[in-house]
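**Q** In case you want the letters, here they are:
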Amino acid sequence: MQVFVKIQKNRYIDSLETLQQTAVLNEQEGIETGYVGMATAVFKEVIEEIGLSTDEIQACSEADYVIVASAESKEAFKNAVKAITSDEKKESETEEKKYYGSISEAVNDHPRANLCQISVPGEYALAEVRKALNAGLHCCVFSNNVPLEDEREMKELAREKGLLCMGPDCGVANINGSALVLSSINNRGPFGIVGASGTGIQHVAAILHEAGSGVSQTIGTGGNDLKEPVGGITMLMGIDALEADPETKYIILISRKPADSVLEKLLARIREMKKPRVVFFMGCDRETIEETGSIYASNLDDCALRALEIIHNDYSLGSLEELKEIAKEAVKDMAPEQKYVRAAYTGGTYLDEGMRTMWEATGGIYSNAPLYPEYKLESGKEIQAHTAIDYGEEEFTLGRPHPAIDASIRKPAILKEAADPSTAVIILDFILTPPGHMDPCGYVVDDIRKAQEIAAERGGKIAFIASVLGTTADWQDIHKQEAELREAGVYVCRTNYRAALLASEIIRLRKEIA
Amino acid sequence: MSDVSKILNLFRSELIVVNVGPRSFAEVLEKQGYEAVQVDWKPAAGGDKKMQELLEYLGGYE
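So the protein sequences, as listed, match chains A and B. Reading the first sequence from the start, the letters are residues 1 to 514 in the working numbering. Reading the second sequence from the start, the letters are residues 1 to 62 in the working numbering.
Isolated chain B, as found in the complex (with noise of 0.2 Å):
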């Protein structure tokens, strides 16, 4: 068995969502009556993968 403290934690606190994609995501959250929290993502580096993982090993990238 796992430990899940933390999950029923989760379960029995009020639900505050990091929302990473599309606005309307968060939108449709909050319209529920959710906090939601909007992180605007796009490709690191202008969607360059290797570019991307180079400034992440590096830390540069967050």
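Looking at chain A on its own, in the form it has when it is part of the complex (with noise of 0.2 Å):
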């Protein structure tokens, strides 16, 4: 094998093209590793993790877009590149759509558009929003790593202009219907949700669908939002619009602790609201979010559950008793020397939920997004003790897209994790999307299977752990990702709180038999 290169300088592909580029790179005969990308820092640093790498891209400038892979001859990778090319070359003969060089252009040509989506590099996202807020259209920015300083300023200018700027680092919204960026399709209804965590917007709104209740709207504000320097400008028209919108009946408002100063002016305007509304401000005290008049939720799982007892829906997600069960039934073929947790999440909310969740039960979480400075790991490639890792840490998705989108990125941790004879619990998060893969679960059933196999090699069982977050109505569908789960012998619990729980059962009892 030999490693050949095509570099195209001054060309850019977006990074999903290039992770499906890739793959079908890698599909081709006469083809061992190949790898496409924009010659970033990051990509430098992975072809030479797997051996691609060549001075000739070293050389190149982050606007350089690169063919890499080892091949058995210079004929093969010739295909090979043909292959991806003329995938291109298919897609624009056979599609008479018309694509845009810029927003004015696209808005020239389309002046009932009124919604702009944009996901670029962060250093850009100032420039594309202004134009778009310019052009007279509401915002919802994926991008993330963009200054709080330029945050402020596209808010500041969208507020002025009576626009809904939702982001940076917006990865859920939901509006009119639709699934914007990596929300999940949802059913519609009578609750209005704005929420600096995606997850949080998309868990919630999870459970009302399941529920048979639905959303109006869900506006995502970024999770810097409200810190100081932004000070709330999204929440708070989020909640003015919400309030006047006759559709929305009730308003769910959710976030981590908002920063002090920003808290009381948020505090106050709740205060005035007039529809009933449930608030989830992770780290606020009951008595805090009860003086404004609101229904205080103290999780996620709690948040959707007050907003449907409003509606006098009792819908329930299990009770501890039935979590005890299963954790009776998971340790009873584990050997001697299994007791950790070892959980590999796909971000930060549900790393965070499940990290305080088994917090008691575990006496500690080392990760590389740790609770506590003391509990970090120097990389999220590293096993300690209990070990939690956030694998939608820039650390694995610099350059890359989200791990909701690209499952590769987590995938290996199922057997890494696997092969150390200590663990006892495996707990994987999924979640579904539009853009998201089409078979998240099924692409990694195989692996569990195998890992099964190699701790009953050891004469061990390992207790997976998972919980999926979509609805019935993404195209992947909940039901049938956790049916796949489930006939792989996964634990699958209705939320990612209660894999947490049935998690901290299982390592009680592991500790009381030890």
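If you are wondering where the hints come from, they were derived from the structure by calculation, not from laboratory data. Misleading hints may appear alongside valid ones.
Derived DSSO-like pairs: lysine-lysine, alpha-carbon spacing no greater than 30 Å straight-line [stated by the list, open to error]:
#1 K42/B / K44/A
#2 K161/A / K6/B
#3 K31/B / K97/A
#4 K6/B / K249/A
#5 K31/B / K82/A
#6 K275/A / K6/B
Two chains, two frames, some hints: make the complex.
**A** Set out below in structure tokens:
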């Protein structure tokens, strides 16, 4: 095998497309390993790691597009490159669709356009948002790593123009029934949600959907909206809009604890709200929330259930007793050395919730994004005692799509954790969304079965625990995904919180036995 | 209270999205039944931030 490279200077291809091209490249005859991408620092690091780096690639700039592979012959590489590029050609030949070079061109041709979805690298986001707002478009900004002063500027401009600026770093928003960016597809209903956590919004909306209700609109603010420099501009505008929207009968607000000065302003506004509302601000006490005339929620599950109570819907997520019974069953065939939880999450909200829930039972959890600094792992590739890794962290995702889209980011975790004889529990979360993997659970069940074989050879059994975030309206269908996991012997919990409760029960039982 | 009339207008109108970024985000919106208009974004001036700012200042970059 020999390494072959094709470089196109100053040609930009987005990371979703290069991900697909990498998949196609690796399927071609005569190709051992291949990789396609823009020549960013991360790309160079990745190909170095997999032994495909060349001086020519190292000399490329971020604006250059690279196809590299170890192939059995130059001919095989040429054919593989042709396979990728002919796919591109086919697409442009068959589609009559027009692609625009700028927002203003697009709006000139489509004057009724009303929302702009922006997913460009963070440093370029402000320029695009400005153009969109100046063209009269509301914005949903998925770009992350946007400087706080840029965020403040875009949101002030949006407020001045009376337009909604969702994000930056807005992964979830449902406007007029659509699932924008990485949202789930939801039933429509009487609940309007404004949230600074995408997973939080998606989680609550999914439970409302499963319980037979739904959402009018969901407005993602981005995780930094309630920080001091931004001042909650989008959260406040979102509240105003949902209060005035006749389709929204009830309002749900979700966030981590806002900065003190922002919290004060926000509580003052919430106090004046007329519609019944549930508020979940992680880390805010009950009294602070109830004093505003709002319904207090203690976690995401509780937030959805309290909301359903307003409409007299007694939907249940199951009892603690049920989980205790499952835990008893799960520990039966474990080997004596199996004592640790190993969790592989696709994002920070569930990582946080999982670690907090399991903290007492485990006595502490190491992580690449820990709750306390003394539990910090140098890298997400390490394992130490009870460990929870966020595969949505930059070390895994820089220059690559989110793990909800690129399921291969988190996949290696399963066999890695299973290789350690002290692993008792492996926790996985799955997120369904239109641009995501079409069968995220089916994609890993073979690895789960293999992991169980490895454990069985050692005379043990791993308790796999999973939760799937999504709805029956998602194209992947949550029930189908859950069934695939169950068939592979996974304990499927209705929510991430319940998954962490089950893991806690198992660890308690393991400690009792020891 | 902010003026939310434009946001309420959005809620009442047919959603038409201008997508700046990966084409697949526009495709999945169309598959959901919404109109999506694709802008093929690429870094201006070959990714040179300074040059981009300069072009923008001169009004030559759109």
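**Q** Each hint: holds or not?
**A** Structure-based check of all given hints:
no., hint, verdict
1, K42/B / K44/A, "holds, 20 Å"
2, K161/A / K6/B, "holds, 9 Å"
3, K31/B / K97/A, "holds, 14 Å"
4, K6/B / K249/A, "holds, 20 Å"
5, K31/B / K82/A, "holds, 28 Å"
6, K275/A / K6/B, "holds, 21 Å"
Of the numbered hints listed earlier, not one is contradicted by the structure.
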